[in-house]
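Each protein sequence line maps, in turn, to chains A and B. Mapping to my numbering: the first sequence position 51 is 51, numbers consecutive. Mapping to my numbering: the second sequence position 211 is 211, numbers consecutive.
By construction, these hints were calculated from the structure, which means they are not laboratory data. Quick reminder that beta carbons are idealized off the backbone N, C-alpha and C, glycines included. Mixed in with the good hints, there may be bad ones.
[Unchecked claim] A short, non-exhaustive set of chain B residues, derived as facing chain A with CB atoms under 8 Å:
id	residue
1	L315
2	L317
3	M318
4	S319
5	P387
6	N391
7	L404
8	P582
9	G601
10	W612
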Amino acid sequence: MNRLIYILPLLLFAGLAAYFATPILQGKNPHTLPSAMIDKPAPLRPLEPLLSSKPGLGPTSLTGDVQLVNFFASWCGPCRVEHPLLMQIAAAKTVPLYGVNYKDAPEAAVNWLAQLGDPFERIGRDGDGRTGIEWGVYGLPETYVVDRAGRIQYRHVGPLSRQTFEETIMPLVNRLREQNE
Amino acid sequence: MIAELGHYALALALCVAVVQSTLPMIGAARNDTVLMRLAQPAATAQFLATVVAFGALTYGYVTSDFSIINVAQNSHSLKPMLYKVSGVWGNHEGSMILWVLILSLFGFAVAAFGNNLPPSLRARVLSVQGLIGVGFLGFILLTSNPFERLDPAPLDGNDLNPLLQDPGLAFHPPMLYLGYVGFSMAFSFAVAALIEGRVDPAWARWVRPWTLAAWTALTGGITLGSWWAYYELGWGGWWYWDPVENASFMPWLAGTALLHSAIVVEKRDALKSWTILLAIITFGLSLMGTFLVRSGVLTSVHTFAVDPERGLYILGLMSVAIGGALILYAIRAPSMKLGGMFQPVSREGGLVMNNLLLSVATATVFIGTLYPLFLDATTGQKVSVGPPFFNAAFVPVMMPVILLMAVGPLLAWKRGDLPGAMARLWTAALFSAAVAAFVWTQHAGTAFGSIIGFAFAGWLAGGTITEWAARIALFRQPLSVSLSRAVGLPRSAHGMTLAHLGLAIFICGAVADSYWREEVMVNAKPGETISIAGYDLTLESIQHSQGPNYQTETARLRVMRNGAEVTILSPERRFYPVQQMPTTEAAIHSTFLADLYAAIGDGHAKAGWTVWVWHNPLVPWIWAGCMFMVVGGLISLSDRRLRVGAPKRGQNLSSSETKGPESAAQPAGAD
């Protein structure tokens, strides 16, 4: 019995190591965690607008064109890192960019956008994180590609890089646009 | 040519490390002095070879040799010299070279200054240290060679991430690594002791200075990182519970516990197997920090390029090092002689409580950092853990730590007198109440939490000063006597007082900033005025100019208070064309009591600029408190070194409360 106590740290560590190793051994890229939601309709309850000047998000806002949906919050450090890229995407107008403000104080989020610029066409407020849970968000920022029919086609976890955007996301967006035409 | 020389030196270091990790270990097992002695020249050679490799890479950066891929990817000919040098460790490959440089430096230090260690212990410590070196040198050579060439060489480099081009961050990684890698010493000593099957007070006397040095460096490194985040990221906060921040904070918490439990081993010859375990865990957490940052398992601002191969290697390394040590622990620790049983109310009892609580705190941060991943992996359920979790879970664990910190040092070893200690703490209670009352009068209607926070800080500061004053008999004896007592007090006592006071000061800063921060964000055109916390800031102009490798817009904000000019604040917004990335450079006017913090955002002449002003009360106290801890660590360290140099029994044990370890070494019997 007493010996067990001395073996316990080893057992705990073994569990931890196995747990760390699993995703790497399975060859998962942690930034493109497969989402259980792929090819399913994006669940969207009506989200009230964050800014009075811009519409929020509703069940029908995600149809019409292929779009990116970005989950962000003012308390999220990495969101700041990807923000300049979002601003450039918005300026280039290549693909509509919608924002979901996740578990954030509205004033903080408004100030945040005022300081860094607002790249979004629509921003919905997900104050209690309900929508985040339905989409399967686990760490901010996350970016989803949603097709014309409102189905989730791709999920990126973590700050978006220019490379991912140009080499993965835009080709996918263009492909989806052609498919549905 | 120089780069190839560096690569060669790395390979040489690996060969030497292989020798260092095997032969002395065999020598120690066979009691062969010649083989054991081999450890010293091997450690020295490994250090020198690593210096050459590090120097070669630095040379590549300083001369902007873009035929080296690593330099081309992370440097630029226009970059200021400081950042060319700091660029060496601003990337994955280079930072690993810095890692092994510091690792071999510590090995070298044992080789050079460890003459009074028992020869077999020294040989084994250096062997284990060499083994870690083998792991990391192999990692660099196999997966992350910084000396790889690029042909044809580009005309100019990709530049370093502009967020990292900053004086605070230039020195943050070296300090942090000194801390992380410094804990490898404690680890090597722990593993060597497990192999020897013996832990005695002399062992603890050796481990403590290394742990203290690592702890001091880590404290400094974390502070620099936090300070950098505060002024560079331009969003007014200083700690975000970001996974990578947590990755450095966990070894700090565990290291703090180790620092205290090693005292018990030294003074009471108890808590041995726990201290060994803690040494393994602390270094394990340091390795995990390295793993998390480089494997992409967690995402964060700090994450280096993600590479599954590297992640797997570091994980393998971690498994061998920590897993191996824990196997050894499982085999050897049960047979280790248990130390004396002790009273719960005693100095060692207090230190055990400290260890218990700090372990819980470490576990809290650990769970908060990994829980989202864990839950997702096991149940597929998604949660997000942010600052709210840590504030709710971590703070309550730390509160009893603060309470005990004032009491513990007042208790005697072996059998403490709790009522007596409490009676001596009435001044602390009074001080705490006075601080709380003062805060209440200054901030009428403030949240209850802030009052509690200050009361705790007051209690800690009061208790710490009471203990220090009692030791030098302040106010009870003439001042001259107190002064000479203060001079006679071991430096580690002064160090402890400073470090504990530092924490009290830190708490004031953290509490004030989280409860009383004010912020104003306006869209302003030149000539407009912003008012905050009694200050009036007038935006006078915005100027465009060109820096060495960036363009910048600088705002000129005239700060007035009661009609008198206080200062001019010049926040900047920079744009780095090579990396296509803007950064904000905040301008901070710091007084003893608060920071006035200004940043500018997007804007142009017609629409005006976004101007952002924070009034952050007592934030300077956060840095001051951390400085106190670092200085306390250094002062304590200067004492330790003397003691290690002359470890004669009882010679430096001046006060009556510290009984010689030999008198305390009565085992209560193994169960």
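Results of checking the hints against the structure:
{"no.": "1", "hint": "L315", "result": "6 Å, holds"}
{"no.": "2", "hint": "L317", "result": "11 Å, violated"}
{"no.": "3", "hint": "M318", "result": "7 Å, holds"}
{"no.": "4", "hint": "S319", "result": "5 Å, holds"}
{"no.": "5", "hint": "P387", "result": "6 Å, holds"}
{"no.": "6", "hint": "N391", "result": "11 Å, violated"}
{"no.": "7", "hint": "L404", "result": "25 Å, violated"}
{"no.": "8", "hint": "P582", "result": "6 Å, holds"}
{"no.": "9", "hint": "G601", "result": "4 Å, holds"}
{"no.": "10", "hint": "W612", "result": "5 Å, holds"}
Hints 2, 6 and 7, counting from the list given before, are not met by this structure.
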